[in-house]
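*Asks:* Given next are the chains, with one letter for each unit.
There are 4 protein chains.
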Amino acid sequence: MAIRVFITGGTFDKTYDEISGQLRFEDTRIHEMLRLGRCRLDLAVRTLMMVDSLDMTDADRRLVLENCRSAAEERILVTHGTDTMTETARVLGEARLPKTVVLTGAMVPYAFGSSDGLFNLGSALSFVQALPHGVYVAMNGRCFPWDDVVKNRALGVFENRR
Amino acid sequence: MAIRVFITGGTFDKTYDEISGQLRFEDTRIHEMLRLGRCRLDLAVRTLMMVDSLDMTDADRRLVLENCRSAAEERILVTHGTDTMTETARVLGEARLPKTVVLTGAMVPYAFGSSDGLFNLGSALSFVQALPHGVYVAMNGRCFPWDDVVKNRALGVFENRR
Amino acid sequence: MAIRVFITGGTFDKTYDEISGQLRFEDTRIHEMLRLGRCRLDLAVRTLMMVDSLDMTDADRRLVLENCRSAAEERILVTHGTDTMTETARVLGEARLPKTVVLTGAMVPYAFGSSDGLFNLGSALSFVQALPHGVYVAMNGRCFPWDDVVKNRALGVFENRR
Amino acid sequence: MAIRVFITGGTFDKTYDEISGQLRFEDTRIHEMLRLGRCRLDLAVRTLMMVDSLDMTDADRRLVLENCRSAAEERILVTHGTDTMTETARVLGEARLPKTVVLTGAMVPYAFGSSDGLFNLGSALSFVQALPHGVYVAMNGRCFPWDDVVKNRALGVFENRR
Numbered sequence: 000m001a002i003r004v005f006i007t008g009g010t011f012d013k014t015y016d017e018i019s020g021q022l023r024f025e026d027t028r029i030h031e032m033l034r035l036g037r038c039r040l041d042l043a044v045r046t047l048m049m050v051d052s053l054d055m056t057d058a059d060r061r062l063v064l065e066n067c068r069s070a071a072e073e074r075i076l077v078t079h080g081t082d083t084m085t086e087t088a089r090v091l092g093e094a095r096l097p098k099t100v101v102l103t104g105a106m107v108p109y110a111f112g113s114s115d116g117l118f119n120l121g122s123a124l125s126f127v128q129a130l131p132h133g134v135y136v137a138m139n140g141r142c143f144p145w146d147d148v149v150k151n152r153a154l155g156v157f158e159n160r161r
Numbered sequence: 000m001a002i003r004v005f006i007t008g009g010t011f012d013k014t015y016d017e018i019s020g021q022l023r024f025e026d027t028r029i030h031e032m033l034r035l036g037r038c039r040l041d042l043a044v045r046t047l048m049m050v051d052s053l054d055m056t057d058a059d060r061r062l063v064l065e066n067c068r069s070a071a072e073e074r075i076l077v078t079h080g081t082d083t084m085t086e087t088a089r090v091l092g093e094a095r096l097p098k099t100v101v102l103t104g105a106m107v108p109y110a111f112g113s114s115d116g117l118f119n120l121g122s123a124l125s126f127v128q129a130l131p132h133g134v135y136v137a138m139n140g141r142c143f144p145w146d147d148v149v150k151n152r153a154l155g156v157f158e159n160r161r
Numbered sequence: 000m001a002i003r004v005f006i007t008g009g010t011f012d013k014t015y016d017e018i019s020g021q022l023r024f025e026d027t028r029i030h031e032m033l034r035l036g037r038c039r040l041d042l043a044v045r046t047l048m049m050v051d052s053l054d055m056t057d058a059d060r061r062l063v064l065e066n067c068r069s070a071a072e073e074r075i076l077v078t079h080g081t082d083t084m085t086e087t088a089r090v091l092g093e094a095r096l097p098k099t100v101v102l103t104g105a106m107v108p109y110a111f112g113s114s115d116g117l118f119n120l121g122s123a124l125s126f127v128q129a130l131p132h133g134v135y136v137a138m139n140g141r142c143f144p145w146d147d148v149v150k151n152r153a154l155g156v157f158e159n160r161r
Numbered sequence: 000m001a002i003r004v005f006i007t008g009g010t011f012d013k014t015y016d017e018i019s020g021q022l023r024f025e026d027t028r029i030h031e032m033l034r035l036g037r038c039r040l041d042l043a044v045r046t047l048m049m050v051d052s053l054d055m056t057d058a059d060r061r062l063v064l065e066n067c068r069s070a071a072e073e074r075i076l077v078t079h080g081t082d083t084m085t086e087t088a089r090v091l092g093e094a095r096l097p098k099t100v101v102l103t104g105a106m107v108p109y110a111f112g113s114s115d116g117l118f119n120l121g122s123a124l125s126f127v128q129a130l131p132h133g134v135y136v137a138m139n140g141r142c143f144p145w146d147d148v149v150k151n152r153a154l155g156v157f158e159n160r161r
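Chains as they are written, first to last, in numbering that gives the first Met the number 0: chain A, 0 to 161; chain B, 0 to 161; chain C, 0 to 161; chain D, 0 to 161.
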């Protein structure tokens with residue numbers, strides 16, 4: 000089963016730049032995370048962009064959609080900032096692609112010691128293999144359909160809409 | 000969705016004892032792993048035993064089976080040493096429980112820096128939510144039915160039988 | 000030999016706030032670092048402030064000086080941001096205290112995976128025990144007298160003046 | 000100031016072999032530790048052997064002594080297992096070399112998450128620069144003259160003789 004992975008950035012991939020003292024993006028860390036997990040899946044990884052999701056534009060989200068649409072694979076993982084992950088999920092969900100698309104990210108950069116990134120990556124890669132066609136957000140060990148998820152910004156967790 | 004977690008030990012939970020210079024078991028590390036993953040699932044965790052799976056007896060495996068059978072939950076995760084994980088999977092699979100049971104473990108102790116444990120935990124918790132009733136081994140990002148899995152001891156990875 | 004430790008903050012003690020996505024200060028991490036190092040020194044730790052050293056004022060530096068002057072101990076470690084560490088070293092050096100004072104910090108927060116903080120802490124605690132009275136900056140494994148040190152901002156390392 | 004570093008192994012450099020489930024030696028980890036510490040010292044590193052110090056023979060200790068004697072450098076760091084570190088320190092101390100030699104090690108392998116190795120390395124490299132000629136053991140943030148140190152095996156720490 001071939002799985003496509005699209006990287007868009009987000010906290011998942013931020014690193015600390017010691018010269019400037021700021022957080023920034025370099026190359027994706029996903030390859031070392033997959034090595035750490037000893038992942039033996041057939042994955043095709045592409046970096047579409049490396050942005051904080053607060054900086055994502057409609058054009059960026061359409062780029063993600065078009066890449067999902069044109070990918071040869073039927074199962075797609077998208078790594079994404081958590082702040083607007085549900086918006087991109089909505090854009091993808093409304094397109095009704097005949098695919099299983101799972102979005103995930105991290106609350107703490109993988110580059111830091113206490114990250115949820117590795118756990119979320121394992122979780123999302125499993126959901127993308129097991130779930131029927133549709134678009135989902137995988138965070139906090141759970142998966143949410145694209146039309147029933149919201150980020151609780153006070154707690155920093157994802158929940159069903161209510 | 001309530002999920003039961005049964006801990007049996009394995010490399011997943013080994014730690015380094017600096018006084019003796021040996022690897023040994025203390026309390027399970029699963030709670031700190033779930034905190035790290037910011038896991039928001041409804042989990043009931045029980046430690047059945049803390050053994051290297053090479054030391055597991057038939058009685059131990061029957062204990063795991065009986066606990067799976069009598070658990071109130073329909074979805075069960077079992078953490079287990081990788082060396083005889085497929086044997087316990089077989090014992091559970093042949094019992095034809097009306098449940099989804101997923102076994103996982105780690106090639107490197109979570110207590111060490113380069114562990115696959117957190118990735119496998121996220122992976123297995125997702126499979127146990129998504130898969131139909133049956134018994135599965137979740138390792139290396141994949142899931143295997145209990146009757147089609149073997150550990151490749153030379154490479155330290157799990158594969159389909161052939 | 001009793002050693003006084005004064006905490007002023009700096010990158011050494013920054014942490015990542017996942018709700019805001021920003022770096023910030025919480026309690027000092029020095030106690031867990033000393034536990035990790037299995038440090039058996041007789042240390043009295045006090046947090047004077049938790050600031051980025053770019054935000055330190057003359058009043059702040061005088062506070063550090065007065066605390067060094069009035070401390071009962073003859074040997075004092077000061078953790079400090081690297082950006083203006085040499086300025087505080089100068090204020091302390093010009094006071095000609097009959098003490099050994101060593102300033103150290105980190106280029107990467109201890110809270111992140113790739114920090115020099117633990118190495119620098121071990122280094123500075125050793126220099127403060129072994130050096131004669133005076134004020135020193137301990138970074139990059141070396142120690143520099145307060146009047147012969149400068150931070151090379153392009154490379155993020157400390158060097159002798161030239 | 001050039002410093003010679005002789006590696007002999009010990010817990011400091013042990014790693015976990017996931018295929019066998021045993022601890023073993025591979026290459027020394029000291030280079031990545033020095034990178035992590037952003038160490039800017041002029042160091043010449045040589046691996047003399049990679050052994051658990053319980054397996055060190057008199058011939059091994061004489062090898063360490065001869066290398067210390069013939070090294071061009073006046074300041075030498077020796078990484079060593081903690082179990083017989085004081086014995087090697089005695090062999091070196093009785094030779095009355097016109098040099099400063101510091102031995103250090105770790106109670107937990109650097110390869111594991113909770114190691115004192117990086118702290119001890121920073122500590123020992125500082126002591127070797129600052130101390131007068133003689134042979135010392137640097138552990139737990141302290142330094143001990145070779146003729147006044149013993150390992151407290153119950154607690155896993157180093158102390159003065161009494």
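Keep in mind that a hint or two might mislead.
Stated by the list, open to error - Now the in silico label distances, taken between C-beta atoms and shown as ranges:
id	chain 1	residue 1	chain 2	residue 2	range
1	A	ALA1	D	MET0	29 to 39 Å
2	C	SER19	B	ARG39	31 to 41 Å
3	B	ARG68	C	ASP16	22 to 32 Å
4	D	ALA58	B	LEU62	26 to 36 Å
5	D	PRO97	C	LEU62	43 to 53 Å
Said to hold, decoys possible - Residues of chain B clear of chain D, computed beta-carbon distances all greater than 10 Å:
id	residue
6	THR10
7	THR56
8	ASP57
9	LYS98
10	VAL107
11	ALA110
12	ALA129
What the hints assert, rightly or not - On the chain C side, residues computed to face chain D include the following (Cβ under 7 Å):
id	residue
13	VAL44
14	THR56
15	ALA58
Rather than coming from a laboratory, the hints here were simulated on the basis of the structure.
The C-beta atom is built at its ideal place from N, Cα and C for all residues, glycine as well.
*Asks:* Does B/LYS98 sit more than 10 Å from chain D, CB to CB?
*Replies:* Holds: least Cβ distance 30 Å, greater than 10 Å.
*Asks:* Given the hint of 26 to 36 Å, is the C-beta distance from D/ALA58 to B/LEU62 inside that range or not?
*Replies:* For D/ALA58 and B/LEU62 the Cβ distance comes to about 51 Å; the hint is violated.
*Asks:* Answer holds if the nearest beta-carbon of chain D is closer than 7 Å to that of C/THR56; otherwise answer violated.
*Replies:* Violated, about 28 Å.
*Asks:* Has the hinted range 22 to 32 Å been met by the Cβ atoms of B/ARG68 and C/ASP16?
*Replies:* The hinted range 22 to 32 Å is violated for B/ARG68 and C/ASP16, with Cβ atoms some 45 Å apart.
*Asks:* Given C/VAL44 as an interface hint, is the shortest Cβ-Cβ distance to chain D below 7 Å?
*Replies:* violated, 13 Å
*Asks:* In terms of Cβ atoms, is chain D entirely out of 10 Å range of B/ASP57?
*Replies:* The claim holds: B/ASP57 sits with its nearest Cβ about 22 Å from chain D, beyond 10 Å.
*Asks:* Can we confirm that no CB of chain D comes within 10 Å of the CB of B/THR56?
*Replies:* holds, 19 Å
*Asks:* Within 29 to 39 Å or not, the Cβ separation of A/ALA1 and D/MET0?
*Replies:* violated, 57 Å
*Asks:* Would the non-interface assignment of B/ALA110 survive a Cβ cutoff of 10 Å against chain D?
*Replies:* Violated, since 6 Å does not exceed 10 Å.
*Asks:* Going by Cβ atoms, does B/THR10 stay more than 10 Å from chain D at every point?
*Replies:* violated, 6 Å
*Asks:* With d taken as the least Cβ-Cβ distance between B/VAL107 and chain D, does d exceed 10 Å?
*Replies:* At about 5 Å from chain D, B/VAL107 fails to clear the 10 Å cut-off, so the statement is violated.
*Asks:* Check the non-interface label on B/ALA129: least C-beta distance to chain D beyond 10 Å or not.
*Replies:* Answer for B/ALA129: holds, closest chain D Cβ roughly 28 Å.
In the structure shown, a violation is registered for the earlier hints numbered 1, 2, 3, 4, 6, 10, 11, 13, 14 and 15, in ascending order.
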